[in-house]
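> FYI, my numbering numbers position 22 of the sequence shown as 79, with every residue one higher than the one before it.
No wet-lab data here; the hints were simulated from the structure.
Take every hint as true, because none was put in to throw you off.
Label-pair distances were calculated between CB atoms; the ranges are:
{"id": "1", "residue 1": "123", "residue 2": "161", "range": "25 to 35 Å"}
{"id": "2", "residue 1": "79", "residue 2": "161", "range": "20 to 30 Å"}
{"id": "3", "residue 1": "124", "residue 2": "156", "range": "19 to 29 Å"}
Computed list of lysine-lysine pairs in DSSO-like fashion (alpha-carbon distance at most 30 Å, straight line):
{"id": "4", "residue 1": "84", "residue 2": "115"}
{"id": "5", "residue 1": "68", "residue 2": "166"}
{"id": "6", "residue 1": "68", "residue 2": "84"}
{"id": "7", "residue 1": "67", "residue 2": "166"}
{"id": "8", "residue 1": "68", "residue 2": "115"}
{"id": "9", "residue 1": "165", "residue 2": "67"}
{"id": "10", "residue 1": "168", "residue 2": "125"}
{"id": "11", "residue 1": "168", "residue 2": "68"}
{"id": "12", "residue 1": "115", "residue 2": "67"}
Just so it is clear, CB atoms sit at the ideal spot from N, CA and C, and this is done for glycine as well.
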Amino acid sequence: MIEKISGITKKLAESIAQAALRLNGGKTPQAVIVVGGGSRTFNLIPELARGFNLAAEKIGIRLPSAIKTIKNITPDLSGPEAVTPLGIAVMTAESSGLNFIEVEVNNKKFKMLDFQQKKDIVGALT
58 MIEKISGITK
68 KLAESIAQAA
78 LRLNGGKTPQ
88 AVIVVGGGSR
98 TFNLIPELAR
108 GFNLAAEKIG
118 IRLPSAIKTI
128 KNITPDLSGP
138 EAVTPLGIAV
148 MTAESSGLNF
158 IEVEVNNKKF
168 KMLDFQQKKD
178 IVGALT
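Could you put together the complete structure from these sequences and hints?
The structure is reproduced here in structure tokens:
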């Protein structure tokens, strides 16, 4: 099981690194921050380090404590998986609402938050 997961994680990390490097003009970043529950994916941090040719210490995980506008975060919401929903809550509270766009993947329609990102696969992943 670990071998299968490791292979998938390696491919995921390579894909993330290639897309990020392309978007960064081929330059290796000084550090990488991983956001959300996916950051807990088995072996993702060391594989990202390899993909970016960085020391593993240069790959960080964003935690809710980094969201300056939220105080007294409960322990239940202190892990990286809480960053995305808390970020959405902050955006909603600070604006008149959220904008969504509809995308189609494999003939299935999905709604996703519109962060004014480029409307392509890389934009959806970022």
